[in-house]
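Required output: the full structure, derived from the provided sequences and hints.
Number of protein chains: 2
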Amino acid sequence: MQKKSISIIGAGLVGSLLSIYLKKRGYQVSVFERRPDMREKGYVGGRSINLALSNRGIRALNEVGLAEELKKVAIPMHGRTMHSREGKLTYQPYGVNGQFINSISRSDLNIVLMNEAERLGVEFFFEHRCLSVDFVNTELTFQRSTKNSQTSNNQLEIIHLKSEIVIGSDGAFSAIRQAMQVSDRFDYSQEYIKHGYKELHIPASDTGEFKLDKNSLHIWPRESFMMIALPNPDGSFTCTLFFPFEGELSFASLDTQTKVKTFFEETFPDVTALMPEYLIDFYKNPAASLVTTKCFPWVKNNTLVMGDAAHAIVPFYGQGMNAGFEDGRILNELLDQYQDDWTKVLTAFQNTRKPDADAIAQLALDNFIEMRDLVADEKFLLRKKIEAKIHSLFPDKWIPLYTMVTFQDDMRYSEAYTIGQRQKQIMDRVMGDPDIDKNWEKLDLKVLVDKL
Amino acid sequence: MQKKSISIIGAGLVGSLLSIYLKKRGYQVSVFERRPDMREKGYVGGRSINLALSNRGIRALNEVGLAEELKKVAIPMHGRTMHSREGKLTYQPYGVNGQFINSISRSDLNIVLMNEAERLGVEFFFEHRCLSVDFVNTELTFQRSTKNSQTSNNQLEIIHLKSEIVIGSDGAFSAIRQAMQVSDRFDYSQEYIKHGYKELHIPASDTGEFKLDKNSLHIWPRESFMMIALPNPDGSFTCTLFFPFEGELSFASLDTQTKVKTFFEETFPDVTALMPEYLIDFYKNPAASLVTTKCFPWVKNNTLVMGDAAHAIVPFYGQGMNAGFEDGRILNELLDQYQDDWTKVLTAFQNTRKPDADAIAQLALDNFIEMRDLVADEKFLLRKKIEAKIHSLFPDKWIPLYTMVTFQDDMRYSEAYTIGQRQKQIMDRVMGDPDIDKNWEKLDLKVLVDKL
Chain A
1 MQKKSISIIG
11 AGLVGSLLSI
21 YLKKRGYQVS
31 VFERRPDMRE
41 KGYVGGRSIN
51 LALSNRGIRA
61 LNEVGLAEEL
71 KKVAIPMHGR
81 TMHSREGKLT
91 YQPYGVNGQF
101 INSISRSDLN
111 IVLMNEAERL
121 GVEFFFEHRC
131 LSVDFVNTEL
141 TFQRSTKNSQ
151 TSNNQLEIIH
161 LKSEIVIGSD
171 GAFSAIRQAM
181 QVSDRFDYSQ
191 EYIKHGYKEL
201 HIPASDTGEF
211 KLDKNSLHIW
221 PRESFMMIAL
231 PNPDGSFTCT
241 LFFPFEGELS
251 FASLDTQTKV
261 KTFFEETFPD
271 VTALMPEYLI
281 DFYKNPAASL
291 VTTKCFPWVK
301 NNTLVMGDAA
311 HAIVPFYGQG
321 MNAGFEDGRI
331 LNELLDQYQD
341 DWTKVLTAFQ
351 NTRKPDADAI
361 AQLALDNFIE
371 MRDLVADEKF
381 LLRKKIEAKI
391 HSLFPDKWIP
401 LYTMVTFQDD
411 MRYSEAYTIG
421 QRQKQIMDRV
431 MGDPDIDKNW
441 EKLDLKVLVD
451 KL
Chain B
1 MQKKSISIIG
11 AGLVGSLLSI
21 YLKKRGYQVS
31 VFERRPDMRE
41 KGYVGGRSIN
51 LALSNRGIRA
61 LNEVGLAEEL
71 KKVAIPMHGR
81 TMHSREGKLT
91 YQPYGVNGQF
101 INSISRSDLN
111 IVLMNEAERL
121 GVEFFFEHRC
131 LSVDFVNTEL
141 TFQRSTKNSQ
151 TSNNQLEIIH
161 LKSEIVIGSD
171 GAFSAIRQAM
181 QVSDRFDYSQ
191 EYIKHGYKEL
201 HIPASDTGEF
211 KLDKNSLHIW
221 PRESFMMIAL
231 PNPDGSFTCT
241 LFFPFEGELS
251 FASLDTQTKV
261 KTFFEETFPD
271 VTALMPEYLI
281 DFYKNPAASL
291 VTTKCFPWVK
301 NNTLVMGDAA
311 HAIVPFYGQG
321 MNAGFEDGRI
331 LNELLDQYQD
341 DWTKVLTAFQ
351 NTRKPDADAI
361 AQLALDNFIE
371 MRDLVADEKF
381 LLRKKIEAKI
391 HSLFPDKWIP
401 LYTMVTFQDD
411 MRYSEAYTIG
421 QRQKQIMDRV
431 MGDPDIDKNW
441 EKLDLKVLVD
451 KL
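Chains as they are written, first to last, in my numbering: chain A, 1 to 452; chain B, 1 to 452.
These aren't lab readings, by the way, just hints derived from the structure by calculation.
The model shown is predicted, which means the values in this text are computed figures rather than measured ones.
Be aware that one or more of the hints could be misleading.
In silico DSSO-like links for lysine-lysine, alpha-carbon gap of 27 Å or less [what the hints assert, rightly or not]: (1) A:Lys211 to A:Lys72; (2) B:Lys259 to A:Lys354; (3) B:Lys214 to A:Lys294; (4) B:Lys354 to A:Lys194; (5) A:Lys194 to B:Lys294; (6) A:Lys198 to A:Lys147; (7) A:Lys344 to B:Lys194; (8) A:Lys71 to A:Lys211.
Structure representation (structure tokens):
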């Protein structure tokens with residue numbers, strides 16, 4: 001039997017991985033990308049430089065045989081290192097069992113995925129901008145920009161293409177989802193947070209060494225905002241400042257070089273010294289916005305959206321890419337389960353994944369508060385300590401939320417969310433004791449576990 | 001001083017009224033409408049035939065001198081008449097002081113507004129579809145469809161137009177808002193309810209008489225769904241069936257003529273006999289969807305959205321048009337207050353009206369449950385009776401929510417919502433008494449009022 005032709009829109013991380021999954025199942029797979037080929041023209045920015053790859057993502061990469069290759073370029077981060085205003089460092093391991101997450105370059109990872117897809121026979125079409133989708137006939141219309149060989153002017157070509165299945169993995173501003181949005185009875189929301197982000201750079205030392213602990217995710221929590229840093233293979237770190245767009249202390253208010261300089265020197269004294277170019281970076285790099293998008297349905301006839309196109313989230317749980325990769329794994333699993341009956345698979349996919357996407361969207365928003373406000377808070381650290389103690393005594397019964405989300409790749413996000421809510425209620429009551437700092441060692445932890 | 005040029009997109013109810021307000025202030029006002037002129041080509045449907053005009057709307061019409069003229073074609077509805085499955089009628093007046101709402105034809109009202117606007121010198125441009133907005137230069141691009149006089153084929157013309165102010169009052173699927181939506185940091189949501197609506201018709205009797213009480217809004221509450229009917233000047237009623245799209249009993253499940261017939265005869269026996277054409281209407285008329293849209297900001301430089309373009313709501317409070325007219329009144333008030341300083345006015349408008357739009361959106365969703373599930377419920381009727389008693393004793397202190405929303409045009413929707421929430425909490429506690437039906441006359445109502 002001739003397998004279906006599938007068009008994937010978007011050659012980013014999620015689309016490229018998905019093309020491998022589907023090619024391996026024997027489909028005819030084409031990937032259409034609006035941007036030029038980053039392998040030839042360089043990476044076009046606008047998105048974060050490095051990402052935290054964790055178990056859910058690794059599991060999917062493993063299934064297509066790429067996990068080992070990618071581990072070579074990834075840098076393990078075993079915990080969080082918090083930097084106080086005074087330069088004091090506090091370290092929190094991510095798990096008691098030596099679990100870690102990985103800093104990985106977005107473009108390196110994307111290139112590995114595209115190369116592997118092409119090796120397997122996936123066809124990539126760059127500079128193809130999707131203009132519209134005819135959901136009834138599963139027909140796409142693209143605009144392709146080509147150079148006229150005589151005049152060297154760009155000319156626009158319009159291309160129509162029918163497929164049997166279309167998958168939009170074209171990011172938070174998905175053209176496929178925008179086409180769905182103007183169809184009847186399509187629920188959609190996009191909500192921005194008040195903070196934007198700006199990337200800064202800590203170069204390697206003159207001898208090529210990391211200037212901060214290499215195997216940590218570094219956080220400068222400052223209550224209403226924060227900065228983080230992830231290591232890069234060349235010894236540098238990429239810092240990301242998450243900061244309000246407007247208000248008393250904001251991107252808008254730092255409107256002179258003096259103000260920027262004073263702000264950095266007072267707020268991040270230990271790291272400012274390590275960033276010789278931060279003033280230039282601050283002016284050169286845009287303040288990018290952070291959006292959560294939700295929609296339903298994800299399926300219109302034979303067209304599906306997934307990854308950020310279906311559920312863009314804020315980056316504070318480091319799960320955006322991991323969730324997108326998990327989408328690919330789950331879709332592949334459902335194709336196994338329903339023997340490639342796409343009608344069943346598409347329905348099952350959206351019904352299964354929607355609650356998980358909603359859960360990780362909320363978790364990501366909640367974690368911003370934890371990272372910026374709480375990781376520097378005495379009471380919060382005690383809370384984490386008590387939870388760690390419970391976990392060490394009852395390792396299968398009380399698993400910290402971060403561990404469930406980040407490391408338990410067999411647990412659905414929605415399940416982790418629900419358990420996390422119950423844990424929170426129990427811990428809120430425990431922490432309600434004003435003398436908890438004195439009393440906590442006397443707590444009957446078994447009773448707490450039994451309440452779960 | 002030459003007053004600014006203002007382009008209004010959408011010649012519907014809100015845009016037409018607004019054009020009058022602004023023309024009266026001395027602006028150069030042009031209105032651009034996607035559809036043909038309904039005065040020449042007839043009304044293009046897809047929206048409800050008649051509407052409930054109440055105090056907020058009337059106040060705005062009054063300010064532009066049209067309330068008296070429109071009262072002549074409006075039919076007062078003094079209360080709700082509920083029709084039980086057995087054909088039993090229950091009547092609830094809308095207010096103790098003889099307040100009423102008005103059934104009015106959407107197209108009649110729209111035509112009166114357009115005629116008055118043109119009389120004042122507003123220019124209308126029909127069959128102009130807005131394709132894009134350049135918010136920086138306040139420049140609109142339209143597509144105009146014209147007939148070639150030689151070939152009689154339609155040809156498309158592209159028109160660019162600069163204005164000083166652009167106002168999008170182009171409805172729930174606003175082109176102006178869609179242009180805003182793809183700009184950065186624009187929050188937006190569209191959410192459909194599970195019910196759609198279909199319009200049916202009760203003709204006048206052979207002698208031109210109303211077959212049901214003319215001065216009521218008729219409701220057939222059936223718990224998970226309902227039908228309503230509003231009177232028309234020709235002696236007919238327009239019925240609207242609000243019904244689930246899918247499920248056991250739904251538009252989807254009524255898939256044969258026999259099923260439709262059985263459903264109507266069993267569910268609405270008293271009125272089915274009055275609708276000779278209901279089977280044909282049921283097949284001919286589409287099941288339309290019901291959406292709530294929210295967005296923020298409403299302003300991008302010199303461009304504003306208002307009415308449904310900014311805040312489309314479900315119809316269950318009869319406030320969609322009234323809220324849109326109130327938008328016009330408030331904008332006009334702010335122009336007075338800030339002496340036509342549009343920068344200040346636009347900011348003040350969105351900040352003032354956004355909480356009110358959110359409040360009426362929620363009230364409209366809540367009222368569907370009240371209308372379809374509760375108005376036939378004994379305990380609900382007792383609750384209303386107790387509230388009416390409190391109101392009669394303390395008329396200035398405890399005003400029923402419906403009265404505040406519908407008749408108190410000097411109270412903001414957001415204020416009515418907040419007070420309504422407090423009343424609900426108090427009444428929930430009162431109704432929590434299982435013997436409330438016996439005990440309610442002994443209640444100390446003063447204590448309840450003091451809790452507000």
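Results for each hint:
1. Note on lysine 211 of chain A and lysine 72 of chain A: the hinted pairing holds, with a Cα-Cα distance of about 21 Å set against a maximum of 27 Å.
2. Distance check on the hinted pair: lysine 259 of chain B and lysine 354 of chain A sit about 34 Å apart at the alpha-carbon level, beyond 27 Å; violated.
3. Taken as a hint, the lysine 214 of chain B and lysine 294 of chain A pair is broken in the structure, with Cα atoms around 45 Å apart against an allowance of 27 Å.
4. A hinted pair counts as satisfied when its Cα atoms are at most 27 Å apart, and lysine 354 of chain B with lysine 194 of chain A qualifies at roughly 18 Å.
5. With a C-alpha separation of about 18 Å, the suggested pair lysine 194 of chain A and lysine 294 of chain B falls inside the 27 Å cut-off, and the hint holds.
6. Annotation: proposed proximity of lysine 198 of chain A to lysine 147 of chain A is violated, straight-line Cα distance about 34 Å (limit 27 Å).
7. A hinted pair counts as satisfied when its Cα atoms are at most 27 Å apart, and lysine 344 of chain A with lysine 194 of chain B qualifies at roughly 22 Å.
8. For the given pair, lysine 71 of chain A sits about 22 Å from lysine 211 of chain A by alpha-carbon distance, which is consistent with the 27 Å threshold.
Comparing the model with each numbered hint stated earlier shows that hints 2, 3, 6 do not hold.
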